[in-house]
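Build out the structure end to end from the sequences listed, making use of the hints.
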Amino acid sequence: MQRLLEFVGIDPQRFQARWISGSEAAKFAETITNLTEQIKPLGPNRKLRDDV
Amino acid sequence: MKILNKQKLKDLLNSLAADATVYAPVKQDGVIRFQAWNGDQEIDLTDNALLPPKDLLFPQTEVMYKYTANGMRAEITEVAATAEKQVIFGMRPCDVKSLSMMDDVFLTKGYEDDYYKSKRENTVIISLGCNEPAPTCFCSSMGVDMTEAEGADVMMFDLGDKLALEAKTEIGENLLASASGLEDGSADKPAGGQCQLKVEPDGLAEKLAKMFEHPYWEELCRKCLGCGACTYLCPTCHCFDIRRKNIGEKGFQFRCWDSCMFSEYTRMAGGHNPRPSKKERVRNRFLHKLQYFPERYGKVACVGCGRCLAKCPVNMDITRIIKELGEVAINE
Amino acid sequence: MMDLTQKMRDKARELLEKEEVKYVIGWEKGTFWYQSPPVFISRPEDVDKLVWDQFCINNLSKYLLDFKHLEGKIALFVKGCDSRGINRLLQDQQVQRDAFIVIGVPCPGMKDPEKAKGLSEDKADQLQLAEKCATCTTPNPVIYDELLGDEVAAAQVDDVERFARVNELEQKDPDEKYDFWKRQYDKCIRCFACRNVCPACNCRECVFDQAEPEWLGKRVVSSENQFFALTRAMHVAGRCIECGECERVCPMGIPIMSLNRKIIKDINNLFGSYDAGMNLEDQPPLGKYDVNDPEEFM
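Protein chains in written order, with the numbering used here: chain A, 1 to 52; chain B, 1 to 332; chain C, 1 to 298.
A couple of the hints might just be wrong.
Claimed, not checked - Cβ-to-Cβ under 7 Å is the rule here; a few derived chain B residues that face chain C:
#: 1; residue: Lys27
#: 2; residue: Asp29
#: 3; residue: Gly30
#: 4; residue: Thr61
#: 5; residue: Arg222
#: 6; residue: Leu225
#: 7; residue: Gly226
#: 8; residue: Cys227
#: 9; residue: Gly228
#: 10; residue: Ala229
#: 11; residue: Tyr232
#: 12; residue: Arg243
#: 13; residue: Pro313
#: 14; residue: Val314
#: 15; residue: Asn315
#: 16; residue: Asp317
No wet-lab data here; the hints were simulated from the structure.
Idealized CB from N, CA, C, for every residue including glycine.
Here's what the structure looks like:
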């Protein structure tokens with residue numbers, strides 16, 4: 001999926017796939033925090049969206 | 001009559017675009033479609049557009065109104081605006097004829113569809129006569145005159161390196177009077193081409209009225225894939241669905257084309273589907289065109305543009321089907 | 001090919017006369033000389049409709065789903081690519097192997113009907129192979145009860161040729177890629193021909209047809225069209241048999257196989273070379289688990 005999204009022109013920094021089980025709350029929080037930090041400087045994504 | 005050197009086509013379109021949006025057949029990414037003229041596209045007048053210009057009057061997706069939810073109440077914030085002036089350049093006589101059927105559906109029998117009406121009234125049509133119909137064309141069997149499109153404001157003829165334009169209505173005359181690139185002149189109207197395919201749909205509606213349970217439909221439907229290519233490329237198919245899109249507190253109501261070939265087309269809220277299989281859907285498509293529409297509006301809902309048979313992946317050919325329907329025996 | 005046409009007719013007549021099957025699915029001549037659409041023969045006297053020529057391009061395997069509940073058997077003719085569709089349906093447990101008879105026909109490659117439009121029939125020899133056939137590695141059926149005619153030599157298609165369009169797109173920068181696919185899928189009219197013809201699209205109810213919940217919005221706009229494209233591509237990932245029918249039937253000329261081949265290329269790199277539908281034993285790589293699978297998302 002990651003490779004396919006790259007193939008259609010989505011910036012690979014904008015998405016991640018991670019395997020996190022229901023008991024790994026800390027890992028989940030950490031992953032989301034890190035991803036959010038990475039994404040913020042990129043600004044809003046305009047791809048795969050419509051101008052409504 | 002006005003004559004236009006094809007090299008001055010851009011001048012003409014630019015001058016028309018001064019006070020209206022001009023739509024013309026443009027070839028892009030392999031397909032000819034009507035696109036808004038931006039001053040710098042390659043106009044393709046060779047073959048008819050793959051998609052008929054019906055979406056300029058009846059868009060595939062059209063927002064009807066927007067709303068904001070406020071507790072238990074909803075407030076309508078914006079209703080689709082009245083259409084702006086548009087000129088459709090290079091519309092073929094078959095597609096012009098299809099508008100008479102769209103008009104029947106959206107403007108007669110006691111209900112006028114505002115969305116359609118507003119666009120229709122603000123549309124000027126410059127039709128291009130056909131000198132060389134495609135092998136899939138059968139418009140002459142459907143009452144289309146390739147050199148004279150009834151309902152067009154301007155009739156245009158291809159003279160090779162020139163185009164001849166003849167105003168047919170007052171609106172058309174005014175349009176040509178103010179357009180650039182045209183010279184006064186005269187030319188012999190080209191004879192119009194010959195369709196290779198011919199059909200005889202007269203009297204079929206009466207026969208079909210007795211054929212609802214005929215085994216023919218069972219055989220006919222087998223190869224159909226149940227895709228909607230035929231209906232979406234058809235200039236006369238006009239079915240639509242109305243849906244809502246909600247984004248948080250806001251949302252909008254829109255309508256979009258629908259196809260009787262799809263399984264969910266007649267599926268009801270409880271899950272029952274009165275047209276459960278390909279047979280019922282294929283039958284409906286042809287009965288609608290050849291029986292129901294003629295019964296209601298007095299004309300067959302097909303203009304012979306040949307798009308469905310050109311693009312059907314399994315060669316469902318409406319001309320063959322009309323012939324076969326005329327030939328099969330019925331038990332009365 | 002004339003010879004094979006006769007063999008097909010003889011075989012079909014035999015099966016129908018002996019009442020071994022209810023229907024024989026093959027190809028017949030269409031409206032124009034460059035069309036050989038599917039035909040369903042149920043009576044021995046109709047077998048002369050059957051033809052085998054250079055335009056029998058339709059993959060017939062998907063039609064088996066229409067006869068799932070038929071009492072009695074079906075016989076169908078298959079080319080190499082069609083036969084991989086049969087394996088697809090069997091492996092996905094959509095059809096019972098004993099419910100149909102497969103008659104294999106070695107295929108020299110089909111001609112492109114789109115290119116034949118406007119040509120006169122005597123120019124038929126000048127036609128090139130259809131694009132989907134030019135990179136075919138499986139001209140001979142891989143599953144059949146009986147084979148008509150002699151096997152043909154498979155063309156040597158290397159991965160450079162097979163993935164040429166993918167490789168070219170991969171070289172573009174992200175914005176160029178996005179622009180390319182947006183333009184392509186802005187053409188999409190959502191007729192679902194690609195899905196309906198695909199032997200890997202065999203769900204009883206397609207996710208795109210569900211109204212509640214509505215996964216795919218009915219608006220024909222960029223976001224929904226691209227969501228449709230990507231979801232379908234991922235759904236057939238590892239199961240696409242590369243018959244190329246999706247791209248052939250697309251009325252708008254969208255290069256759908258470039259998406260499918262991109263996924264095939266990646267699967268080959270990640271899980272080792274795999275061609276879907278070649279046999280019944282090898283499970284699709286995304287449908288099985290192996291302790292040695294790459295775990296780049298852990």
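Okay, the hints, checked on the actual structure:
1. With a cut of 7 Å, the hint placing Lys27 of chain B at the interface with chain C is violated, because the nearest CB-to-CB distance is about 11 Å.
2. Taking 7 Å as the C-beta contact cut-off toward chain C, the hint placing Asp29 of chain B at the interface holds, the least distance being around 6 Å.
3. Hint on Gly30 of chain B holds. Least Cβ distance to chain C is approximately 4 Å, under the 7 Å limit.
4. At about 5 Å, the closest approach between the beta carbon of Thr61 of chain B and any beta carbon in chain C falls short of 7 Å, and the interface hint on this residue holds.
5. Given the 7 Å rule on beta carbons, the hint for Arg222 of chain B holds: about 5 Å separates it from the nearest Cβ of chain C.
6. About 4 Å separates the beta-carbon of Leu225 of chain B from the nearest beta-carbon of chain C, less than 7 Å, and the hint is met.
7. Interface restraint check for Gly226 of chain B: the shortest CB-CB distance to chain C comes to about 5 Å, inside 7 Å, so the restraint holds.
8. Restraint check, Cys227 of chain B versus chain C: the minimum CB separation of about 4 Å is within 7 Å; hint holds.
9. The interface hint given for Gly228 of chain B holds, since its Cβ lies 4 Å from the closest Cβ of chain C, which is under the 7 Å cut-off.
10. With 7 Å as the threshold, the beta carbon of Ala229 of chain B comes within range of chain C, its nearest partner Cβ sitting at about 4 Å, so the hint holds.
11. Residue-level restraint check for Tyr232 of chain B holds (minimum Cβ-Cβ distance to chain C is 5 Å; threshold 7 Å).
12. The beta carbon of Arg243 of chain B is positioned within 7 Å of a beta carbon in chain C (closest approach about 5 Å), and the interface hint is therefore held.
13. About 4 Å separates the beta-carbon of Pro313 of chain B from the nearest beta-carbon of chain C, less than 7 Å, and the hint is met.
14. The beta carbon of Val314 of chain B is positioned within 7 Å of a beta carbon in chain C (closest approach about 5 Å), and the interface hint is therefore held.
15. Interface hint status for Asn315 of chain B: upheld, as the beta-carbon distance to the closest one in chain C is roughly 4 Å, under 7 Å.
16. With a least beta-carbon distance of about 5 Å to chain C, the hint placing Asp317 of chain B at the interface is held under the 7 Å criterion.
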